[in-house]
Each structure stands twice: as structure tokens, then as C-alpha cells.
Amino acid sequence: MTGPNSCCTLAVSRLILQLLLASLCLVPVFFAAHPPNIVLIFADDLGYGDPGCYGHPSSLTPNLDLLAAEGLRFTDFYSSSPVCSPSRAALLTGRYQTRSGIYPGVFYPGSRGGLPLSEITIAEMLKMQGYATAIVGKWHLGVGVNGSFLPTRQGFDHFLGVPYSHDQHTHYPQFASTEFTGKSLRGPYGDALMELDGSVGWLLQSLRKHGVENDTLLLFTSDNGPETIRMSRGGSSGLLKCGKGTTYEGGMRVPAIAYWPGKILPGVTHELSSTLDILPTLATLAGAPIPNVTLDGYDLTDVLFRGGKSKRNVMFFYPPSPYKQMGVFAVRYGTYKAHFFTQGSSLSETTPDKDCHFMAWLTHHDPPLLFDLEADPSENYNLLEQGIKPEYLQILKKIQGEKENFESKMVFGESQMRKGEDHSLEPCCNRGCTPEPSCCHCTK
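If you use mature numbering (1 follows the signal peptide of the UniProt record, and there is no 0), the sequence shown corresponds to residues -32 to -1, 1 to 412, in order.
Simulated from the structure, these hints should not be mistaken for laboratory data. Where hints are given, some of them may not hold.
Below, in silico cross-link-like pairs of lysine-lysine (DSSO-like), each with a Cα-Cα straight-line distance of 30 Å or less [what the hints assert, rightly or not]:
{"no.": "1", "residue 1": "K365", "residue 2": "K279"}
{"no.": "2", "residue 1": "K177", "residue 2": "K95"}
{"no.": "3", "residue 1": "K292", "residue 2": "K322"}
{"no.": "4", "residue 1": "K279", "residue 2": "K95"}
{"no.": "5", "residue 1": "K377", "residue 2": "K365"}
{"no.": "6", "residue 1": "K377", "residue 2": "K366"}
{"no.": "7", "residue 1": "K151", "residue 2": "K177"}
{"no.": "8", "residue 1": "K177", "residue 2": "K231"}
{"no.": "9", "residue 1": "K365", "residue 2": "K292"}
{"no.": "10", "residue 1": "K357", "residue 2": "K371"}
{"no.": "11", "residue 1": "K366", "residue 2": "K279"}
{"no.": "12", "residue 1": "K371", "residue 2": "K279"}
{"no.": "13", "residue 1": "K231", "residue 2": "K292"}
{"no.": "14", "residue 1": "K277", "residue 2": "K231"}
{"no.": "15", "residue 1": "K292", "residue 2": "K387"}
{"no.": "16", "residue 1": "K387", "residue 2": "K277"}
{"no.": "17", "residue 1": "K357", "residue 2": "K322"}
{"no.": "18", "residue 1": "K322", "residue 2": "K371"}
{"no.": "19", "residue 1": "K277", "residue 2": "K151"}
{"no.": "20", "residue 1": "K292", "residue 2": "K279"}
{"no.": "21", "residue 1": "K292", "residue 2": "K377"}
{"no.": "22", "residue 1": "K371", "residue 2": "K277"}
{"no.": "23", "residue 1": "K377", "residue 2": "K279"}
{"no.": "24", "residue 1": "K277", "residue 2": "K366"}
{"no.": "25", "residue 1": "K377", "residue 2": "K387"}
{"no.": "26", "residue 1": "K292", "residue 2": "K366"}
{"no.": "27", "residue 1": "K371", "residue 2": "K292"}
{"no.": "28", "residue 1": "K95", "residue 2": "K292"}
Label pairs and their calculated CB-CB ranges [what the hints assert, rightly or not]:
{"no.": "29", "residue 1": "T303", "residue 2": "F326", "range": "27 to 35 Å"}
{"no.": "30", "residue 1": "K357", "residue 2": "K322", "range": "23 to 31 Å"}
{"no.": "31", "residue 1": "L233", "residue 2": "N114", "range": "41 to 49 Å"}
{"no.": "32", "residue 1": "H178", "residue 2": "K322", "range": "26 to 34 Å"}
{"no.": "33", "residue 1": "P229", "residue 2": "P25", "range": "23 to 31 Å"}
{"no.": "34", "residue 1": "K322", "residue 2": "L233", "range": "28 to 36 Å"}
{"no.": "35", "residue 1": "N114", "residue 2": "A343", "range": "49 to 57 Å"}
{"no.": "36", "residue 1": "V379", "residue 2": "P257", "range": "16 to 24 Å"}
{"no.": "37", "residue 1": "K177", "residue 2": "P257", "range": "31 to 39 Å"}
{"no.": "38", "residue 1": "G276", "residue 2": "A37", "range": "19 to 27 Å"}
The model shown is predicted, which means the values in this text are computed figures rather than measured ones. Ideal Cβ placement from N, Cα and C applies to all residues, glycine included.
All chains should be built: construct the whole structure from the sequences, respecting the hints.
Following this line, the structure appears as C-alpha cells:
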């Protein structure tokens, strides 16, 4: 699938089963104070350990590896959620998904709800600065009656893609175009990953062809951790614990790369960062005013351009289905992470660690599990296993204080998922057939 836009011709692969590439291309119409072109690539279910530049021994990702070698690679970058719809909402708004009501779970083809139009998206913010905006690929933030929740109602001038990928069966069997089928060393998943990487390469070629590579900030990251239910034929979280659907590191920590030749020096940063930080960062670069709402993100320009420190010292971890009464499941404070609740997921099945599995029921931890992620990124060694030592008591007090302060100010928006479903909203290849929706399946 290809889609022309105002800066380039972008080839975007519909990696339906695992790595459906969603690409957002934002181009300023005029260059007051030289704001950059902005290209944001948001991979779907790409694990921390999947790209070659993050240590996978057999992944063939030369274009991502090039971006990492010539750009800034993040080691401690987090999504706001371990599943798709909430993480996409947080990326676009700079706000935790609980504020916009994108909970519990994800949107389905017949969902009545969607990302509220009252939310201010990156696209809307940049349009006010003269940017032309487009989104290509997966949306997954609602359709609504007469397309009321589609991207073109959320600040995007153009949308070429699919509102959902459920009709193709999201996670398996996996698919890659003929050019990539059987070409990787990782089976169908590796083929799909190669195609994603190929799309990144085509995009870079187009930027160079049009002479705008040096005027363009390219950001690459993933919406959440990998779905691992097919063992070696699925995604990889590398050395991190579990994957998609969990608030362990493998579900929330994702690969991230920032690339801007001549502006961002090559290197690696260990600064704590998040998809929540993208909106305020782009606001600074575009000279846009910060939306007059409660934001949960921080400007990363010091990290990107000056090798500086992140303004973020805390990251809060909500599960796929958060509840105000339970609060956040986990908190990262500096290099420490405390789990107040843990729960496995069907999306992290078949890993050797039973904590990841669906049958790992919701468990409350008092005292919480405490890990030093700098020394133990795999979350194997609970520092409180033998009791609370004095050196950890102060850390726990600080974490508890951050948690209580955050939760006291968190206002949950009206749940969009609880608005229910309407089958008439579902895509249908045979509109007017009976009985819907079973007769709607595409056969050609």
C-alpha cells in the first residue's frame, strides 16, 4: 500500500498480523524560524528486543540500524500503555489515556466511542502553526457515526490507511509482501519486520530525493511491547520481562530513535522518556503554544540536541483496563520500579516465565515488589524479598509519595469503550447483506 503526501511518496506496509506500520508525516507550509518537517513512525507491537540495533542476533533491520547509528537511540523509553488504543491516544495528546477516556481495553470495529474531539492532538497543534498534516496506516482510535472520530476530524488533512486491523485478524497468521516472504531468518514475523524496515528505507530515500532530509526530524518508536504467544515466531522483548498486555518492562519499554542529520548527534541516551513527551517536544520545535490542558509529557529538546537530562523522573504504569479505585499498577522512580499490582496476559503466553501468562491472576503486593532496573532490567530480583532494608525505605517513601500525588490529581474521563458497540459502524464489504456482521467479510 502506498500513499502520496506533500513531502514524499511513502511506501507503508500493511503488516496486518503483527507490525502494522503507522506513519505520520507533518510538513510545514512555511518555514518561519525554520521549524522542521516532522515524520513520526509508530510501529505496532514492536518489542524492545526486536530490532537489530537493540541486540536481536538475527533480525535484518539495516535501515533502523542506520537511524540508530546516525541518530539518538533511547534505552529507557516507555509507552503509556501495554496495548494499542490507549498508547495511540497518549501519543497524540501528551496525556495519559485515563484522562481522555480511552479505557478499558481497545476499540473494536463496532465501538461507539472514539478519541474525544475535545482532545487536542499533535496534528491540531501543528496545523495552527501552518503545518500540513497526514497519517498513513493504522488508526485504532474509533470511527463513529459518519466517520466522526476518524483522523480527518482530529486535525489531519489526509488519511490513508485502516481504522482497525481486526478484520484481517490482528496477531496471526502473519503476512509479508512477496518481496519479503521467506527472506528473513525469523520466519513470518521476521519477514514482516524486514518489510517494516524496508518501508523506513523507502521513506529515507524519498526524503533525500526531495532534498529535505536535513530539514526533517524523524522519530521512530512502538506503541507497546511485543505479542509473544507464538514463542520464536512472535516478537521479542529481549532481556525484559514479559510483553504486551502487562506492566512489566517488556510490555511498556519500547525501542525509540530520533534522527535529524546535522542537528541530533549520534549516540545513546539512558534518560527516562516516553511517548507522552513527544507532543510538548514538537510544540517547542514548531514554536507552538502548549495546549491549555493538563499534560503528562515533558519537553525532550535538551535530551535530543544538547545531551542533557530529561525533565522526567517518574513514569506511571496503567494496565490495559485501569480502574480509579486501584490506581496505577507500577511506578518507575529514577532507576527503581515498584509493582503494587501485577497480572499476566494472554498476549504474553508461551514465555518460560509464568508471571507473564494469562493464568497469572491479578495480585496485590504489600509491600510492593521493588527492582533496581539499572542492575536488574529483567525484574528478576525483588529487593524486598528479605524484608525492607533501611536503604530502600526512603526510596519506597518517595515512590509512594509520587504515586499518591499523581493519583489524587488524576481525573478519569468518561470511558469511551463503555459506550458499547453498534454493528452498523463496522466496515462491511457487502453493505445491505444479511445477516450482518457475519456476511460482511471481504472475499476478494
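How the hints compare with the structure:
1. K365 x K279: With Cα atoms ~21 Å apart, K365 and K279 stay inside 30 Å; holds.
2. K177 x K95: Measuring from Cα to Cα gives roughly 25 Å; hence the hint holds.
3. K292 x K322: Judged against 30 Å, a Cα distance of about 27 Å means the pair holds.
4. K279 x K95: holds (26 Å)
5. K377 x K365: holds (19 Å)
6. K377 x K366: Distance ~17 Å between K377 and K366 Cα, so the pair holds.
7. K151 x K177: Given pair K151, K177 holds - Cα atoms ~27 Å apart, limit 30 Å.
8. K177 x K231: With Cα atoms ~20 Å apart, K177 and K231 stay inside 30 Å; holds.
9. K365 x K292: Cα-Cα ~21 Å, so holds.
10. K357 x K371: holds (21 Å)
11. K366 x K279: Measuring from Cα to Cα gives roughly 17 Å; hence the hint holds.
12. K371 x K279: holds (17 Å)
13. K231 x K292: violated (42 Å)
14. K277 x K231: holds (17 Å)
15. K292 x K387: holds (18 Å)
16. K387 x K277: violated (42 Å)
17. K357 x K322: Holds, at roughly 28 Å.
18. K322 x K371: Judged against 30 Å, a Cα distance of about 27 Å means the pair holds.
19. K277 x K151: Distance ~41 Å between K277 and K151 Cα, so the pair is violated.
20. K292 x K279: This hinted pair holds, its Cα atoms lying about 26 Å apart.
21. K292 x K377: Between K292 and K377 the Cα gap is close to 11 Å, so the pair holds against 30 Å.
22. K371 x K277: Holds: K371 and K277 sit about 22 Å apart, inside 30 Å.
23. K377 x K279: holds (19 Å)
24. K277 x K366: holds (20 Å)
25. K377 x K387: holds (25 Å)
26. K292 x K366: With a Cα-Cα distance of about 21 Å, the restraint between K292 and K366 holds, given a limit of 30 Å.
27. K371 x K292: holds (13 Å)
28. K95 x K292: violated (34 Å)
29. T303 x F326: 27 to 35 Å: Given about 30 Å between the Cβ atoms, the range holds.
30. K357 x K322: 23 to 31 Å: holds (27 Å)
31. L233 x N114: 41 to 49 Å: holds (48 Å)
32. H178 x K322: 26 to 34 Å: violated (51 Å)
33. P229 x P25: 23 to 31 Å: holds (29 Å)
34. K322 x L233: 28 to 36 Å: violated (43 Å)
35. N114 x A343: 49 to 57 Å: Cβ of N114 to Cβ of A343: about 54 Å, so the range 49 to 57 Å holds.
36. V379 x P257: 16 to 24 Å: Between V379 and P257, where Cβ atoms are some 22 Å apart, the hint holds.
37. K177 x P257: 31 to 39 Å: With a Cβ separation near 34 Å, K177 and P257 satisfy 31 to 39 Å, so the hint holds.
38. G276 x A37: 19 to 27 Å: holds (21 Å)
Violated hints, listed in ascending order, are 13, 16, 19, 28, 32, 34; each of the other numbered hints is respected by the structure.
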